[in-house]
Amino acid sequence: MAPRLCGLCDNARAILKRPKTGQQICKDCFFYVFETEVHNTITQAGLFHPGDRVAIGASGGKDSTVLAYVMKTLNDRYNYGLELYLLSIDEGITGYRDDSLETVKRNQQQYDMPLKILSYDELYGWTMDRIVSQIGKKNNCTFCGVFRRQALDRGASMLHVDHIVTGHNADDIAETVLMNIMRGDIARLGRCTLICTQGEDTIKRSKPFKYAYEKEIVMYAYFKKLDYFSTECIYSPDAYRGHARVFLKDLEASRPSAIIDIIHSGEAFELKDEVKVTQKAQQTCKRCGYMSSNELCKACTLLEGLERGMANAGVTDRGRKKLEAEGPAPENLRTIPMFQLPNPNNGPSTTISLEASA
Amino acid sequence: MSLTIKIEFGGGLELLFSNQKSHKIEVPSKIPARERSESERAVDLQYLIFWLRDNLLKERVELFIENGTVRPGILVLVNDTDWELEGEGEYQLKDGDEIVFISTLHGG
Ligand SMILES: [Zn+2]
Ligand SMILES: [Zn+2]
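From first to last, the protein sequence lines stand for chains A and B. For the record, in the first sequence the residue sitting at position 244 is 244 according to the working numbering, with numbers rising by one throughout. Whatever position you read off the second sequence (first residue = 1), add 1000 for the working numbering.
One chain only, chain B, in its complex shape (with noise of 0.2 Å):
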């Protein structure tokens, strides 16, 4: 099972991912278990926030993740509501949802 996502990148984050600003991608529905005392979990944005540095990212993964999550000065939108609203990285996929990504530290 694999949920279909649809990104968008804006405001010069696009630049990371191959100068391209929307992508349609597929992620496993539940994360597996790395260890036996684990149990497999639904994909959250935690997950496909690395999903998308190990799949998507070609260059700088150092302006897209900071501390285990995106850093500083991105804002994320999930379905145009602002991920703060969403529990952030805890936030559970659902399949055709729309994630966006905005770098605010370009130019004004």
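Next comes chain A alone, as it looks inside the complex (with noise of 0.2 Å):
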């Protein structure tokens, strides 16, 4: 059999059959397409500006790690003149974070670019581990989710930095359209396929692979030699968004346009105004400071429930009720500390604890 010809350059054996278009192409014309449509979906959502400071959330994972890469590239190539960090937070999972972290200290050295971890253990003062050791593996993930999301924010805070990109690729995206469809989450359904969340005042999120499939990222990083870290979390994957993701790819081995179809169905839903209503105004919480739509924020009463030994006390409404009836909070309570919006204007003139190099 001939090799085959590259579809756009016509000159180069074909590597890659594009799961989005079909078409054939061969390895420097898939790196220029891949990081042109990652171009492509920053400026025409207008993602960023020339001075923005941008934290890139990273785990060490294939999709963080080919972002941080990316994102390094487009930078450079097209001067868009921003301030680059790695953003890593430290769960506290012996034999899974900590070696992915080793992968993220690598990558601060390849690409250059200083790195922040923030550990839950210094933030909340409880690692996954001991999370689990205590309530076992049923709500674990609950804690972590919602421990992750602040801590990610409150390391930004801590770089100056008032705007994360993350690695959530079309694939990921697709899955949450259907979890969220199959769960009747509309509010989330139409949050969900958002390149860019931003409420009043909490810190921007975007997604630069959004439309980039999970197939490509993976292919890039293998053909590039990136360097980065796979293995499931040892404390039970979530089962759901697992049957999602199986159930998804079997809909892109019979048609790989499904992934991107999903998501245009998912962006096509609009939410009427009397649903948003419903939707609770964001306050602040009264202990941390972080934003809420409670007196308390989630992570303070899953913190709360923890260290008064009744840790579904955040996790379920019966629970908060019951940790209400044993009394007030006790003074000497482990609290986060306050939490402050970064202003990216303080940067340079403040000193800012990074990772040393090694």
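By construction, these hints were calculated from the structure, which means they are not laboratory data. Glycine included, each C-beta is placed from N, C-alpha and C at the ideal position. A hint or two may mislead.
Said to hold, decoys possible - What the simulated footprint calls covered on chain A by chain B, stretch by stretch (three residues with Cβ under 8 Å from a Cβ of chain B suffice, anywhere in the stretch; the number is not a length):
id, region
1, 15-21
2, 210-223
3, 249-257
Starting from two chains that each stand alone, build the complex the way the hints lay out.
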């Protein structure tokens, strides 16, 4: 069989069939179209402005590793004028996060980007290992999800960064669309396809890989020989998401455009105003100052439950009532430091504690 | 007659194969006929996938094979080319081929 030629340059041997288009392309053209499509996503959504300080949420996994590499490449190639940082959260999971953080530290060297690691332990006084030893493996993902979200915002604040980019790809977003439909969560369905989310006083979050297929991200990492870490979290992966993922991969196998089609379906849903009204107004947590839809933010509620030995308090309404019935929080309760929204203009004048380059 | 094939696992798939990423294996160059009416045929990628299951896989076969092929979400490369360009399971193996399997299903 004669080697197939690239459908773009008609010159080099094709090495990849693009899932989005079915096109057969060579290695150099693949790098170029992949990067250019991300650049187009960024410019069409107007994600950045010159001088912006942007943190890349870095887990050491494939998506964020490729994102860091591509962000650096595009920032140099198109003169975005961004100051890029790597921001990693250490959940305190022995044998999982400690290994993946080693990968992030290598990325810090390879991409020459400052790195900040913020741990659950320093922020909340609890590692995931210790949380799991207290509450078991049932609700641990709830704790981890709430704690990670807030830790990322706090890490960004410490870096004086008001914009976090994450490695969520097209497959992840399609999967979330499916899950929100299956759960009937219409409010989230409308939000989950947005490339950039920002409330009034929250830190901006964007997904430059919104239209990038997982297959291409992994192929890109493979052909560029990027250094990433791949192991499932040792504490029970999210089973519901797992089913949605397998279902999506089956759909993709029979029709590769399914992923983009589902994202477009999600985008086409529009929320009626009366639905929007039922969403709670945002306020700030009276204990830690973080954005919250209740008096206490979710992380403070979860932490109080942990500290008072009633871990369910933050998970169910019944648990919450039981905690309240036990009386007010004790004076010496461990709390999360006060949160302050970042002021990007403060950046250069204040010192930021970063990981030392090894 | 046998073929020497280099196998690479990545993206977490190596965990199913003794946590070892690189393997050098020997497979027969012809698949013997199972019935009298069948003739022997050249060994292909489809055969290799089942050979790996029977000879190299250590755990959780359902994470590697589904419906007679690799599970959706596993990428396969033949000498650094997407197997979708090489006829997928029908690709006939040659001595010295390098086959890479990468899982995309592990966290990002
Ligand atoms: Zn080309
Ligand atoms: Zn709070």
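Going through the hints against the structure:
Counting residues of the region 15-21 of chain A whose C-beta sits closer than 8 Å to any C-beta of chain B gives 3, which meets the bar of three, so the coverage hint holds. Under the rule that three or more residues need a Cβ within less than 8 Å of chain B, the assignment of the region 210-223 of chain A holds, with 7 such residues. With 4 residues carrying a beta carbon less than 8 Å from a beta carbon of chain B, the region 249-257 of chain A meets the three-residue requirement, and the given coverage holds.
When held up to the earlier numbered hints, the structure conflicts with none and fits them all.
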